[in-house]
Structures are given as structure tokens and as C-alpha cells.
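A.B. asks: Chains as they are written, first to last, in the working numbering: chain A, 1 to 121; chain B, 1 to 482.
Any given hint might turn out to be false.
Said to hold, decoys possible - Derived Cβ-Cβ restraints for the label pairs, each shown as a range:
1) B:K30 x A:L103: 47 to 57 Å
2) A:L69 x B:R231: 26 to 36 Å
3) A:I91 x B:F157: 44 to 54 Å
4) A:L68 x B:A367: 44 to 54 Å
5) A:P88 x B:Q443: 30 to 40 Å
6) B:R366 x A:A110: 46 to 56 Å
7) A:A110 x B:A462: 31 to 41 Å
Claimed, not checked - According to the in silico footprint, chain A covers these stretches of chain B (three or more CB under 8 Å from chain A):
8) 79-88
9) 217-230
10) 235-245
Said to hold, decoys possible - Sample of chain B residues lacking proximity to chain A, with all beta carbon distances greater than 12 Å (derived):
11) L46
12) R266
13) L355
Simulated from the structure, these hints should not be mistaken for lab results. Positions of the beta carbon are idealized from the N, C-alpha and C atoms, including for glycine.
Given next are the chains, with one letter for each unit.
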Amino acid sequence: MPARGFLVVAYKIGDAVNGRPAFHGGKSVPPLREGGGSRLRTGAPDDFAKRHGPLNTVSRRRRAGAALLASVPIVMLTIAVPFANRVPVRIGGFPFLLFWIVLWVLLTPAVLYAVSRLEDR
Amino acid sequence: MRPEVIALAIVAAVIFATIVFALLIVGRVKMDPQEYIVGSRSFGALLLWILLAGEIYTSFTFLGAAGWAYGRGAPAFYILAYGTVAYTIGYFLLPALWRVGKAHGLLTLPDFFIVRYESKALGVTVAVLQFLLVVPYVTLQLTGLQILLSIAGYGRFNATVAVGTAFIAIALFVFTAGLRGTAWASVIKDTSVLLAVIFAGIILPIHFFGSPAAMVSHVLAVQPHWMTLARGTLPQGEIWYISTVLLSGIGFFMGPANAPAIYSARNESTLRRNMVLMPLYQIVLLLVFFAGFTALAVMPGLKGPAADQSFMLLLQRTYPAWVLGLIAAAGSLAALLPASALLLGAASVVSKNVLGDLFNVATGDRARTWATRALVLLIAFLALALWIFEKRSLVELLLLYYNGITQLMPGVLFALLWPRVSAWAVAAGIAGGELVALYLAHQNAGPWGVNPGFFALAINVALCTAVALAFPKQRPAVAASL
Chain A
1 MPARGFLVVA YKIGDAVNGR PAFHGGKSVP PLREGGGSRL RTGAPDDFAK RHGPLNTVSR
61 RRRAGAALLA SVPIVMLTIA VPFANRVPVR IGGFPFLLFW IVLWVLLTPA VLYAVSRLED
121 R
Chain B
1 MRPEVIALAI VAAVIFATIV FALLIVGRVK MDPQEYIVGS RSFGALLLWI LLAGEIYTSF
61 TFLGAAGWAY GRGAPAFYIL AYGTVAYTIG YFLLPALWRV GKAHGLLTLP DFFIVRYESK
121 ALGVTVAVLQ FLLVVPYVTL QLTGLQILLS IAGYGRFNAT VAVGTAFIAI ALFVFTAGLR
181 GTAWASVIKD TSVLLAVIFA GIILPIHFFG SPAAMVSHVL AVQPHWMTLA RGTLPQGEIW
241 YISTVLLSGI GFFMGPANAP AIYSARNEST LRRNMVLMPL YQIVLLLVFF AGFTALAVMP
301 GLKGPAADQS FMLLLQRTYP AWVLGLIAAA GSLAALLPAS ALLLGAASVV SKNVLGDLFN
361 VATGDRARTW ATRALVLLIA FLALALWIFE KRSLVELLLL YYNGITQLMP GVLFALLWPR
421 VSAWAVAAGI AGGELVALYL AHQNAGPWGV NPGFFALAIN VALCTAVALA FPKQRPAVAA
481 SL
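Modelling step: build the complete structure from the supplied sequences, incorporating the hints.
C.D. replies: Written as C-alpha cells, this is what we have:
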């Protein structure tokens with residue numbers, strides 16, 4: 001069950017990123033006509049729908065994969081840190097904890113680049 | 001010439017040159033709110049990178065990170081991690097915020113709440129919170145500036161007047177040039193901070209120990225556990241680290257200066273590319289840690305807030321006045337330019353969401369630009385006055401900033417992910433979260449070693465979810481389409 005819950009959240013993140021409506025009841029909002037104007041308006045519900053119609057052609061599975069991949073550095077920099085904290089090894093003179101954090105800070109651009117490639121395909 | 005004259009003259013010259021450079025580049029752009037506050041949504045990848053870096057790397061990065069490395073050791077590493085977490089979240093969040101901003105001509109984060117939740121009251125609430133929380137953040141920059149200027153003055157004069165002068169100069173600069181001016185001035189700021197940090201983080205350890213690794217070994221020989229976190233739920237231990245990284249990473253883009261920077265992007269891919277590359281900039285922080293550790297190894301003994309001065313004092317002791325002056329100048333820009341962006345952000349929020357939406361004043365383009373300008377100066381004076389009377393307990397104030405500002409994030413995330421959430425649900429979450437944050441900030445610790453703000457955030461999400469389940473928003477199709 002938790003795995004499924006995560007997947008649903010991942011789908012929704014993917015939807016939000018790709019300009020698609022967060023899904024409600026599994027249906028997506030049909031594309032509405034484009035309109036002009038750029039002033040802030042309130043109480044005009046149709047504005048939202050017509051501005052951000054479904055643009056993407058990327059499959060849901062792929063978008064979920066992108067969100068999952070992006071969560072890797074976050075996990076490595078948070079939940080994994082107590083484990084890195086207990087490794088009594090020095091790397092190039094630096095304590096393992098510092099090495100681990102710097103490693104994942106440096107890997108994050110690579111991961112995010114992979115995410116963007118995954119989305120663009 | 002006396003050393004303090006040389007050092008301070010260099011600081012003044014660099015600040016002056018930066019302002020002139022930015023004013024010349026910005027030139028005479030016609031100012032309306034869209035240009036003044038969000039740079040006409042025209043910034044390309046490079047200018048946006050400079051603006052974001054310019055807003056994010058502040059005097060807290062410059063002095064505070066070194067101070068924590070000096071005074072606390074491993075807990076400082078959280079500063080390296082939370083920005084990276086924030087950029088990973090931002091990769092998904094920022095393009096979505098930008099799209100809504102573009103479609104509705106938004107200027108501020110409260111605007112986003114107003115269009116999504118169809119509630120001006122909620123927008124005004126968010127605006128007031130952002131305004132209140134930005135004051136301690138600006139005050140912090142002023143204290144950073146004071147440390148730099150008194151060290152550059154070799155402790156021979158009272159820095160208060162110099163801090164006030166520099167701050168008013170930068171406020172007048174934002175008054176004139178708006179967001180575009182801040183972005184261009186950040187070119188000089190970022191370049192000089194980068195050079196200063198490379199000097200302090202690499203040359204300094206080489207000077208004393210031969211290499212950064214040898215310096216780290218030296219620190220660990222004296223204090224073997226300095227770069228290891230305390231176990232589990234101990235104060236500033238592993239649980240604290242995880243919750244603080246998450247809290248700060250989640251709240252990262254919620255300040256009043258962030259939304260205008262996001263809206264200023266030319267398009268979505270500009271934002272995405274920036275979020276991909278931004279973590280590389282975090283390595284600057286590693287060098288700042290090195291500077292702090294070197295100061296600890298060479299001259300231990302500074303206690304409490306004095307730790308913030310550590311590597312600047314070491315530079316003052318080791319190098320001639322002109323080197324100190326150049327590095328203090330870089331640090332001063334790192335205090336002044338983020339402060340200028342914060343002033344502009346806070347002024348925009350007040351002019352658009354409090355004056356405009358609440359009181360229906362200054363709603364025309366011309367009137368709004370001038371109202372924002374006047375507010376930039378007013379808020380600058382307010383922050384300066386507060387700083388003069390209330391110089392203590394800044395660390396508490398900074399914690400209060402992140403604890404408080406992060407409470408806005410559930411409203412933003414739910415806006416994009418969950419149509420059922422209404423203005424009342426978000427308001428309930430914010431109210432509960434802020435109250436718990438305030439109470440726990442007073443206690444200065446959360447339960448089980450958790451960062452108090454993170455605990456408050458959990459309460460916030462729980463309240464918001466409960467209200468959303470009990471009283472769903474009436475027209476979910478509207479909400480869904482962000």
C-alpha cells in the first residue's frame with residue numbers, strides 16, 4: 001500500500017510539472033480555448049483550465065519514474081545520512097560523512113539532468 | 001596609510017562601483033510594476049542564475065556557515081545539504097509556479113494563493129506573514145555587515161554608522177533600479193564572493209597546513225568527533241539534521257524575494273536548467289567550512305556569536321590590509337544585495353497584496369510602482385531601527401524565519417496536487433503551524449530531537465488535510481487545472 005501511495009503522489013507531481021491538471025477522479029480536464037489578458041483575476045474558474053491544458057505526450061509511467069529518480073538525492077542527503085555518519089573511514093583525509101554529502105551534492109545535477117532527459121523523450 | 005583606512009576605502013569603492021555598474025547597465029528602463037518587480041519576465045538562463053545565486057548566498061553563507069563549522073562542527077553540514085534538496089524540489093515546483101504566474105500576471109507569492117484559493121483574505125494573511133518574517137532576515141544581514149565592517153576597521157571605530165550608510169545606499173539603489181538592477185549587481189557580488197571564498201577556503205588552509213586535507217586531519221587529531229553528528233535524538237544529532245535539512249529545503253522558495261525571481265524567468269526551461277546546475281554552486285559552502293575549520297585549528301577559543309567572526313579575524317591577523325579589504329568587500333556585497341532583494345520582495349508584497357488587494361489603494365501601474373518604491377525605503381528604515389534596538393538573539397530570529405516561512409509550503413503544494421483543498425483548509429494549517437512554531441521556538445527544541453519548525457510543519461499538513469477531508473472545496477475542477 002505505501003508503495004502505491006507513493007506512486008500516486010509521483011504521478012501527481014509529474015502531472016503538475018508537465019502542465020497537466022492534477023487528476024481528479026482519474027479524468028483529465030479537456031483542453032479549452034486560449035484567451036488573452038494577463039491581469040490578475042479572481043473568481044474566474046475557467047481561467048485555470050484554459051491556461052494549462054494538457055500539453056505533454058509523456059507517459060505517466062515515465063513521469064513517475066522521473067519523480068522517483070529525483071527523490072534519490074533527497075533520500076541520500078537525509079535518511080541515508082545516519083548510516084554515512086557511522087562509517088569510520090577517511091577518504092582522501094576527509095571524514096566519510098563529509099565525503100558522502102559532497103558526493104551527493106555533486107551527483108544531484110547529473111541526476112536532475114537525467115530526469116530532464118527522461119521527461120523530454 | 002593606516003590599515004583600517006585602506007581596508008574600509010576598498011570596501012566603500014567596491015560597493016560604489018557595483019552600484020554604478022548596475023545602474024549603467026539597467027539604464028533608463030520604463031518602470032511599471034511588471035518591470036520593477038519581476039523584470040518583465042524576460043530573464044534568460046544566465047541572468048536568472050546570477051539573480052538566484054545572488055539572493056541565496058548571503059552573509060549567513062559567508063560568515064554563518066564558517067561560524068558553525070568553527071563553533072559546532074558537523075551540524076554545519078546541513079547548510080550544504082538543504083540547498084541541494086531545495087533545488088531538487090524546485091526542479092518540479094518552480095516551472096509550475098512560473099506557469100501560473102505567467103498566465104495570470106502574478107507579482108508575488110500571495111497572488112498565487114489568491115488565484116488558486118479564490119480568497120483575498122488568505123492572500124493578505126500570507127502577505128503579512130511574509131512581511132513580518134522578512135524583517136529578522138534583513139536584520140541578520142545587517143549584523144553580518146557590522147561584523148565585516150568592524151573587522152575591516154580593525155576594531156578602531158564604531159561600525160553602526162557605516163552599516164546604516166551602506167544599507168541606505170543599497171535601498172536607494174533598489175528604489176531606482178528594481179529587480180533588474182539587483183540581478184546585474186549580483187554579477188559583481190557573485191564573482192567577488194567566489195574569489196574571496198576560494199582564497200579563504202583553499203589559500204588559508206594551504207598557508208597554515210599545506211593542504212585542506214592536512215588541515216582537516218589536524219582538526220580531527222585534536223577533536224576526533226568534530227565532523228561526526230551526535231547519535232539519534234541528541235541535540236543537533238542525526239534526527240535534528242534530517243528534519244532541519246527537510247524543513248529548510250521545503251521552505252527555501254517561500255520568502256517574499258523568491259516568487260518575483262521565479263516569475264522573472266523567460267520560460268520554464270530556463271528555470272529547470274537553473275535548478276539542474278544550482279547544486280554545483282553549493283561547493284562554495286565546502287570552502288567556507290574549510291575556512292571555518294582552519295580558523296578553529298589556528299586560533300580556537302571564540303565562543304558563541306563571536307564564532308561568526310572566526311575566519312575574518314584570522315585573515316585580519318595573517319594578511320595585509322588590502323587583502324582583508326577585498327574580502328570584506330565581497331562579504332559586504334553578500335550582505336547588501338540579498339538584503340536589497342528582500343526589501344524589494346517585502347515592499348512588493350505590501351504594495352500589491354496589502355495596499356492594493358486589502359485597501360484598494362495604488363492599483364494603477366504608475367501608483368503601484370511608486371508605492372513599492374516608497375515602501376522599499378520605509379521597510380529599510382524599519383529594519384535599520386529594529387537592528388539598532390534589538391541586536392541580540394539573531395540565531396533565534398533566523399530559526400523563527402525558517403520555522404515560520406516554511407508553513408506556507410503546504411498551501412503551495414496542495415494547490416498544485418490536491419483540488420479538494422480550500423482556502424479554509426490552508427488557513428487552518430498555516431494558523432496551527434505558525435502557533436506551534438512560535439511556541440516551540442520559544443522552547444528552542446522540538447520533541448525527539450526534531451527541529452521545532454519541522455514538527456510545526458507536520459501539524460500544519462495534518463490540520464490542512466483534516467479540514468480538506470471534512471470540508472472539500474466546492475468546485476474541484478477549477479482547482480485541479482493548475
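A.B. asks: Against this structure, judge whether each hint is valid.
C.D. replies: Here's how the hints hold up against the structure:
1. B:K30 x A:L103: 47 to 57 Å: holds (48 Å)
2. A:L69 x B:R231: 26 to 36 Å: At roughly 31 Å between Cβ atoms, R231 of chain B and L69 of chain A fall inside 26 to 36 Å, so the hint holds.
3. A:I91 x B:F157: 44 to 54 Å: holds (46 Å)
4. A:L68 x B:A367: 44 to 54 Å: Between L68 of chain A and A367 of chain B, where Cβ atoms are some 49 Å apart, the hint holds.
5. A:P88 x B:Q443: 30 to 40 Å: Hint holds: Cβ distance 34 Å, inside 30 to 40 Å.
6. B:R366 x A:A110: 46 to 56 Å: holds (48 Å)
7. A:A110 x B:A462: 31 to 41 Å: holds (36 Å)
8. 79-88: holds (count 6)
9. 217-230: Our answer is that it holds, as 5 residues pass the Cβ test (under 8 Å) against chain A, meeting three.
10. 235-245: As far as the stretch 235-245 of chain B goes, the hint holds, because 4 residues have Cβ atoms under 8 Å from chain A.
11. L46: holds (16 Å)
12. R266: holds (15 Å)
13. L355: With a cut-off of 12 Å, L355 of chain B remains clear of chain A, as the shortest Cβ separation is near 14 Å.
Of the numbered hints given earlier, the model fails none.
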